[in-house]
Each structure stands twice: as C-alpha cells, then as structure tokens.
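Single-letter residue listing:
There are 6 protein chains.
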Amino acid sequence: MPIVTIKLAKGRPVEIKRELVAAVTQAVASSLKLSPEIITVLIEELDRENWATGGLLHSDKFGKGYGEK
Amino acid sequence: MPIVTIKLAKGRPVEIKRELVAAVTQAVASSLKLSPEIITVLIEELDRENWATGGLLHSDKFGKGYGEK
Amino acid sequence: MPIVTIKLAKGRPVEIKRELVAAVTQAVASSLKLSPEIITVLIEELDRENWATGGLLHSDKFGKGYGEK
Amino acid sequence: MPIVTIKLAKGRPVEIKRELVAAVTQAVASSLKLSPEIITVLIEELDRENWATGGLLHSDKFGKGYGEK
Amino acid sequence: MPIVTIKLAKGRPVEIKRELVAAVTQAVASSLKLSPEIITVLIEELDRENWATGGLLHSDKFGKGYGEK
Amino acid sequence: MPIVTIKLAKGRPVEIKRELVAAVTQAVASSLKLSPEIITVLIEELDRENWATGGLLHSDKFGKGYGEK
Numbered sequence: 001m002p003i004v005t006i007k008l009a010k011g012r013p014v015e016i017k018r019e020l021v022a023a024v025t026q027a028v029a030s031s032l033k034l035s036p037e038i039i040t041v042l043i044e045e046l047d048r049e050n051w052a053t054g055g056l057l058h059s060d061k062f063g064k065g066y067g068e069k
Numbered sequence: 001m002p003i004v005t006i007k008l009a010k011g012r013p014v015e016i017k018r019e020l021v022a023a024v025t026q027a028v029a030s031s032l033k034l035s036p037e038i039i040t041v042l043i044e045e046l047d048r049e050n051w052a053t054g055g056l057l058h059s060d061k062f063g064k065g066y067g068e069k
Numbered sequence: 001m002p003i004v005t006i007k008l009a010k011g012r013p014v015e016i017k018r019e020l021v022a023a024v025t026q027a028v029a030s031s032l033k034l035s036p037e038i039i040t041v042l043i044e045e046l047d048r049e050n051w052a053t054g055g056l057l058h059s060d061k062f063g064k065g066y067g068e069k
Numbered sequence: 001m002p003i004v005t006i007k008l009a010k011g012r013p014v015e016i017k018r019e020l021v022a023a024v025t026q027a028v029a030s031s032l033k034l035s036p037e038i039i040t041v042l043i044e045e046l047d048r049e050n051w052a053t054g055g056l057l058h059s060d061k062f063g064k065g066y067g068e069k
Numbered sequence: 001m002p003i004v005t006i007k008l009a010k011g012r013p014v015e016i017k018r019e020l021v022a023a024v025t026q027a028v029a030s031s032l033k034l035s036p037e038i039i040t041v042l043i044e045e046l047d048r049e050n051w052a053t054g055g056l057l058h059s060d061k062f063g064k065g066y067g068e069k
Numbered sequence: 001m002p003i004v005t006i007k008l009a010k011g012r013p014v015e016i017k018r019e020l021v022a023a024v025t026q027a028v029a030s031s032l033k034l035s036p037e038i039i040t041v042l043i044e045e046l047d048r049e050n051w052a053t054g055g056l057l058h059s060d061k062f063g064k065g066y067g068e069k
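Chains as they are written, first to last, in our numbering: chain A, 1 to 69; chain B, 1 to 69; chain C, 1 to 69; chain D, 1 to 69; chain E, 1 to 69; chain F, 1 to 69.
Isolated chain A, as found in the complex (with noise of 0.2 angstroms):
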C-alpha cells in the first residue's frame, strides 16, 4: 500500500494534477506488481517563497509561477 508523496511549486491547473497522479500510480503499480487501488498519491504544493536551493528562494531566483524557469 504504497503512500507516494509529490511536492512541487504551486499552481499547476487540476487537468496536470489528473495527469500526474495516473501516470505517477502506474509506474508505482507496474514496478512494484501491485494493483492500482491501493496505492495513494498526496501532492504537495509549494509558494516559492517556501522553497530554496543553494540559500536562494526560488520566488527571488525565477519569480513567480512553477515550471522548468
């Protein structure tokens, strides 16, 4: 019953959230050989101001939003 967790940058539209957690439970489900329904995945969104790599917040290195840039 794997619990998978997925943190981003906040505001992807619910039509890529739909997306994602299909395509993330079937690659879990086909690796691991477990049936679809008892896999569980929580996504997690995150306000680039909460979110830094090398001591830089994300929201001063590429500005609002979420995505590659």
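Bear in mind the hints are in silico, worked out from the structure with no lab data behind them. One should not assume that every hint holds.
Identical chains blur together in the list; that is why a pair holds if it fits in one copy or across any two.
Claimed, not checked - Straight line, CA to CA, 25 angstroms or less: simulated DMTMM-like cross-link-like pairs of lysine to aspartate or glutamate:
(1) K61 x E19
(2) K10 x E49
(3) K33 x D47
(4) K61 x E49
Here the structure is a predicted model, which means the values were calculated and not measured.
Given chain A's structure and the hints, the job is docking chains B, C, D, E and F onto it.
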C-alpha cells in the same frame, strides 16, 4: 517527545480539530506512558484535488469537501 | 482516508506498537466520525542520535534508549 | 524541482528500486513537462510492524515481507 | 544533496524567510562540508489551529500569529 | 516551536551530527528570533540505494557512502 502528523482532507472546523488533537495526544501518551506535555500533533490539510487513490483524484471521485464520502 | 505518521525514539517492542496504532486509529476515527478501516498509521523510529532539541542530540542528553528519560 | 517520496514496505531488491525510480521520474517529467534531471525520488522503507491500517499492524495482518499479501 | 524541511507557524514575511534559508543552508554546508548549491530547503507553514502541544491547539494557547508567544 | 527535518545520505559519524544540529538550531533561532530551546531537529538518513536524481539511484551514480561524491 513524539511528533504526530495527521494528513487529512481540508476543511474541518476548529472544534473538530480541537477534539482530534486532544484525543490523539491522549492515545499516544497512554500507549507510550509519556506525559502529554511532550507530545506534538500537526494537522496537514490537503485539498481533495491533491489526494488520489487508484490513480484518481479525490475531487473527481468524491466531489468537494471532506469526510467518508 | 487520513494518514497519521508518528515519529518517536527507536526501540519500542511490537506489543506497544500494536497498542499504539489501535489507540490512535480509534482516536482519529472517533473524532472525525470515520470508519477505522480507512485510516493508516505509520511509525517512524529515529535513533536518539538523530533527534535534537535545543541544539543537543538526545543521545547526549538522555543516553541510549527511549521513553521519558 | 519536484521531490517525490515513496513510502513502502521494506525489502525490495535494488533491481526493483532502480526500475521504480526510473519509471516514477519519467512519469513526473512527462506529466509536468520538466527535465528528468531536476527530479528527486526518495524511497522510505518501513517495516511491516511500523505500518497499520484499520488499527492493525501489517506484520499481524500479512506476516513478514512485502508486496500485495 | 541534503533536503531540509522547516515546519513553523504561518506568517513570516519574505525577508525573514530569505534570511532563514540562507542561514540554514550555510549551517548545513559548513557542518557537512558540502557545496551550498546541492542543498535544498523547504518551508512548510502551518496555521496555529493545525499545531498542538500537550493536546491543545496553539491557536487556543497563543492566539493568532507566530513567534515565541 | 519549529521542527526541522534534514534528509541526507546515511553514515555520518555522531560528531558530525552533533555539529550539524547545533549549527542548524543556531541558524533557525537567530533568523526567527526564537529561543533555541523550542527548536527540534530530526535527521533522517537514507541509504544511497533509496535516493535518486534524474531517474538514477545514487548507489549507481556515486557508489556507497555519503558526501559530495
């Protein structure tokens, strides 16, 4: 000094949260024979569009809100 | 479908863990008016040399083991 | 720079873990249109005596080991 | 590539967060002799009605806000 | 009462952990103007075969051990 984190669907009123943390603290203190004073309980509320089982978002499965259905 | 995580010092015997998960599940089910069946409880055991308060490792403060002292 | 944490029952061999992290990284990269290079995946293995559903330890429910049963 | 998560009461201004992630990154890099570039820091802000010690919500104990009192 | 969790590769000796928790506690206390006494630091050590970036296990990328390489 146990730290308990409870992840649940967003939206319970504070009265329920007050009862929840009191009951969980009591359960941990009594099972582990510890003083309630050294027990921390954190509640992490997740929107149903951030929670999935079987590859499906709970907002799609259950609609908005929280609780058994 | 709440997910409860309990972080505590490593080393309780399985009898205590059995009692702990039963009591916590009951406390959550009763406070949130949910079926116990949909509640997950995870225990994360940490060595005292991986837990600190006030900047001091618990292995230094309390010695090896677990519990109030 | 998503961070994915997968909690599961302890004991899979490294071959399965290798496949799991590759598949999950690919699923996240593809759903979010991100480079796989910026995706982190962590595996947290829990002993079955540290995992409970319905108030019962999985070591009591399922015995030792991991997987669907 | 350490990942540091800081849970705290919600509401600090971005100036404080900026200082916090810089100081924590520096502390980790220096203690572990790692480049700051490979250190991630996440801030998770919790409402005081989602944080309890001794079985009491911090919103009941301390009122709204954040900080020592 | 901030709670800091540091996930890192398994294996540092206790001397390094002692220095790490002291330095991080000091950084948090000073940035947030809080007493060090109310700050908790947890260290979660992961085996390199449980940590992946870019879809590759760190045990495959870097071999056993911990640190920059």
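Okay, the hints, checked on the actual structure:
Taking the shortest alpha-carbon separations for K61 and E19, only the inter-copy value of 15 angstroms comes in at or below 25 angstroms, while the best intra-copy value is 28 angstroms. When the C-alpha separation of K10 and E49 is checked against a cutoff of 25 angstroms, the pair qualifies both within a copy, at 10 angstroms, and between copies, at 13 angstroms. For a Cα distance limit of 25 angstroms, the shortest separation of K33 from D47 across copies, 19 angstroms, qualifies, whereas the shortest one inside one copy, 35 angstroms, does not. Within a single copy, K61 and E49 get their C-alpha atoms as close as 10 angstroms, which meets the 25 angstroms cut-off; across copies the closest is 28 angstroms, which misses it.
When each numbered hint is compared with the structure, no violation occurs for any of them.
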